[in-house]
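Novice: Sequence:
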Amino acid sequence: MRPTLILLCIVLGLGSPISDRAQSVDSSGLPTPYRFQASPVFHPAKWYPLAQQRLLLQLSSTYYHVYKNADIDLDTTLIHAARYLGLCRLTVINEAFEREIPEGSVPWFDGRDPAFAVRALAAAKGLEHLRLLTLLGLYYAFQPDPWKNYKDSAAFYLGAASLESQSPDQGGWHRQILCFLGKLYIMGDQPQRGVSYFDECIAACRANGDKATEAKALAWRGLYMRYAAANTNDRIDILQRAREIYRETGNLEGEVNTLTNIGYLLVSALQLPKAREVFLQALQLEDSAGFAYTHYTTDDIAMVDVFEGRYGEPLSYGLQSVKTAEALKDSLPLASLYSRMADLYGLLDDKMADHRKWSLKSVDRMIIDKDEAYLYVVLANAFNWPMDSGQPTAGLARIREVAKLYPPYSVSGLLHYHRALAECFEALQQYDSVEMHARESARLEKQISRQRGTINTAFSGYWLANIYLRKKEYAKARRYFQRFVTSGNTNSFLNAERDAELSMARIDSATGDYHSGMRHLQNYIQLQDSNLKIQGRRMVEDIAVKYETEKKENEIRLRDQRISLLQQADELRQTRLRSAELTRNMTIVGIVLLFVILILLYGRYSIKNRANKQFNEQNLALQRLVTEKDWLVKEIHHRVKNNLQIVMSLLNSQSAYLTDERALSAIRESQNRVQAISLLHQKLYQSENLSVIDMPSYVKEVTEYLAENLNARHRIDFEVNVAPVALDVSQAVPLGLIVNEAVTNAIKYAFPDENKGHIRVSMETAGDGRMLVTILDNGIGLPEGYDGLHSPSLGMSLMKGLSKQLDGEFSLVNHEGLTIQVSFNPVKIDYNGKEGTDRR
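Positions in the sequence shown are counted from 1; adding 1051 to them yields our numbering.
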């Protein structure tokens, strides 16, 4: 049938449609940047090429990490970015490894279901076994804070994969696994071990000419190394080497990502002109590739411009960033972009209405995102109007009201919370409170500087200097003013630097140091002149930006109109050509179709007869195989049950020769445990479903066996209330042993001196879908002061270990007897016992 369809397409002259990925181009032949298009078309992130999806995840996750002042690690921000954008994290992880681990081929990875892979690992062999080991290691290595939470699991699976990949035919796997191990250790407490893995990987790449993996290893080493001011230049050098390889191999997206990371490191080292140049290079490469999500890079440029004290250009880049992010429906950076616009308008006295508008937009967005850290960055800006109008108490009340609803807990959140309070108390002239919150801000600034560098960390010191000046503590005030003006962080606070020089001149005058006072006064006059020049320059830049923006938009509008007219003319010409070709080919098509129909009718008749015969034969063979398989599985369960009965008989025989009561008790407890497992296998070979246990009957039989075997029916009432639920064998076995241990302990210890009592065993479904198993008695409970959860006894240890095997929660309640509860998520099964919908 396929050759016939192809023939018809050729005869009819049907071609493939024009790709909807085509973009408008400018006079140079390059794509028009998305941010400059008059009517940009929205496409979801998944629509773009795989290389651009990877770049988008890299830029957004790193931007979010920087925006959060490194409070959130890179693995967590990658998870956030992937969820916001609807992309798969493997797109980043499998760089230079796409064929071995294709994106979208591992649904359990982003579905957070490693148990699926663990089960598959037992049956996997060869390359599939190595693949599963690697994926499990990557799953744990890219979880939030992996070194703290998942180090052992990640190291175990990646270490096993490394050993398994050392054969010559698995060289590509081994180099990638070395890179993964380097990432794991360099982020943790063993960075030198991580460096060793990266060095080994890079050496192997060079020996085998694997430039793609070499570039990846260098880029990861420079990215994931923990921040320290001393290693910043080394990290930049490493990333430069990665960038050179990306450029050499034509990997434009890799080069953009590496340039961006270099730019962030340069900002942290206060090398702002170099950082701006690097970000501009990244933006040019993005435009040349037609990459739409340029708002991360344009905001990076605006950030550097603000730090350098620029005005016109950062406002232009800020507006471009907001327009692009909103058009692409990328909500991840919106709070930061709105906050940037608020800061830019806050630099101008005549733009305070715009400043407040963007501040409130940023606050609203942060509340939606539950972003407590940066909520307090813009909170003071948003609530400045009550203080500006002489109502600082109202501003303070609003900040405290927000703090009750969204309490700060991260380092950044606490820092900006204390800064906002300090501003309020300063307006209220409560300087002791200002000093307290400013000191706390300074302490938090030092903590953050260890994560992101010293950029913009002198603000609290400026506050403290003014406080001590008002208190006439001139020595302390001078020290903090001097530290502020020499910090190198005053580009964004030119007015503050000017006022600091004037304050130091006044301090010198008050203390009689007139020579130093004249020097600071001269500095003040110079800064005042510079400030006036900057204000004039800002006005000129503002007018120039508005003019250039309007001019650019008009040019783009006219160009898009011309392109639209040309496209319409081309479509009309194509329509006429197709109509002419259709008329010319109709006769040929009729003859071909008649001939094809005759052939198809005969062929279909023959194929149908052969298919029916083959289907019937295959169906009979499959039925025989299924019957044989079911019989074999039942036979296995039957033999296991018989073997367990033999074990019980052997234990019973052994007990006849024992006189030690403790040994006899241990033998009987072992018999009870073996019986619980034996009952399970008995029910399996008697059931039609060979992998599912009906829990009501199973729990009841285990309880009845223990009541009879321990001779407890005459004095203890047993109540078994189990919901009609079926569990997978992997969960039924540990659950049966837990019930066995709990009921045995209750019979033996809860009712001393042959006291009568009541034991209840229940199993029910909780509201959140978890199963809750409860074994309670009304006996004497645990002795006072006895910690059951940390008891070294075999029975208690066994129940806690089995609960952990269920991935469940084990708890004890010692009140009017003892209550033991186990809560766990049941493995979902279908009616055939396979994973699927839970049958209840």
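Derived from the structure by calculation, the hints contain no laboratory data. Ideal Cβ positions, reconstructed from N, Cα and C, are used throughout, including at glycine. One or more of the hints may lead you astray.
[Claimed, not checked] When the alpha-carbon atoms are kept at most 20 Å apart in a straight line, the in silico PhoX-like pairs for lysine-lysine are as follows: (1) Lys-1879 with Lys-1202; (2) Lys-1807 with Lys-1851; (3) Lys-1523 with Lys-1497; (4) Lys-1402 with Lys-1380.
[Unchecked claim] Label pairs and their computed distance ranges (CB to CB): (5) Glu-1359 with Glu-1179: 53 to 61 Å; (6) Leu-1178 with Gly-1846: 43 to 51 Å; (7) Lys-1199 with Met-1569: 50 to 58 Å; (8) Glu-1668 with Ala-1173: 45 to 53 Å; (9) Arg-1627 with Asp-1220: 53 to 61 Å.
Novice: Indicate, hint by hint, whether the structure satisfies it.
Specialist: Results for each hint:
Proposed proximity of Lys-1879 and Lys-1202 is contradicted: the alpha carbons are some 29 Å apart, above 20 Å. Taken as a hint, the Lys-1807 and Lys-1851 pair is broken in the structure, with Cα atoms around 28 Å apart against an allowance of 20 Å. About 26 Å separates the Cα atoms of Lys-1523 and Lys-1497, which puts this hinted pair outside 20 Å; it is violated. For the given pair, Lys-1402 sits about 27 Å from Lys-1380 by alpha-carbon distance, which is inconsistent with the 20 Å threshold.
Our hint of 53 to 61 Å for Glu-1359 and Glu-1179 holds, since their Cβ atoms are close to 54 Å apart. Take Leu-1178 and Gly-1846: their Cβ atoms lie about 44 Å apart, and the range 43 to 51 Å holds. A hinted range of 50 to 58 Å holds for the C-beta pair Lys-1199 and Met-1569, which are about 56 Å apart. Look at Glu-1668 against Ala-1173: about 34 Å separates their beta carbons, and that is not inside 45 to 53 Å.
Checked against the hint of 53 to 61 Å, the pair Arg-1627 and Asp-1220 passes, with Cβ atoms roughly 58 Å apart.
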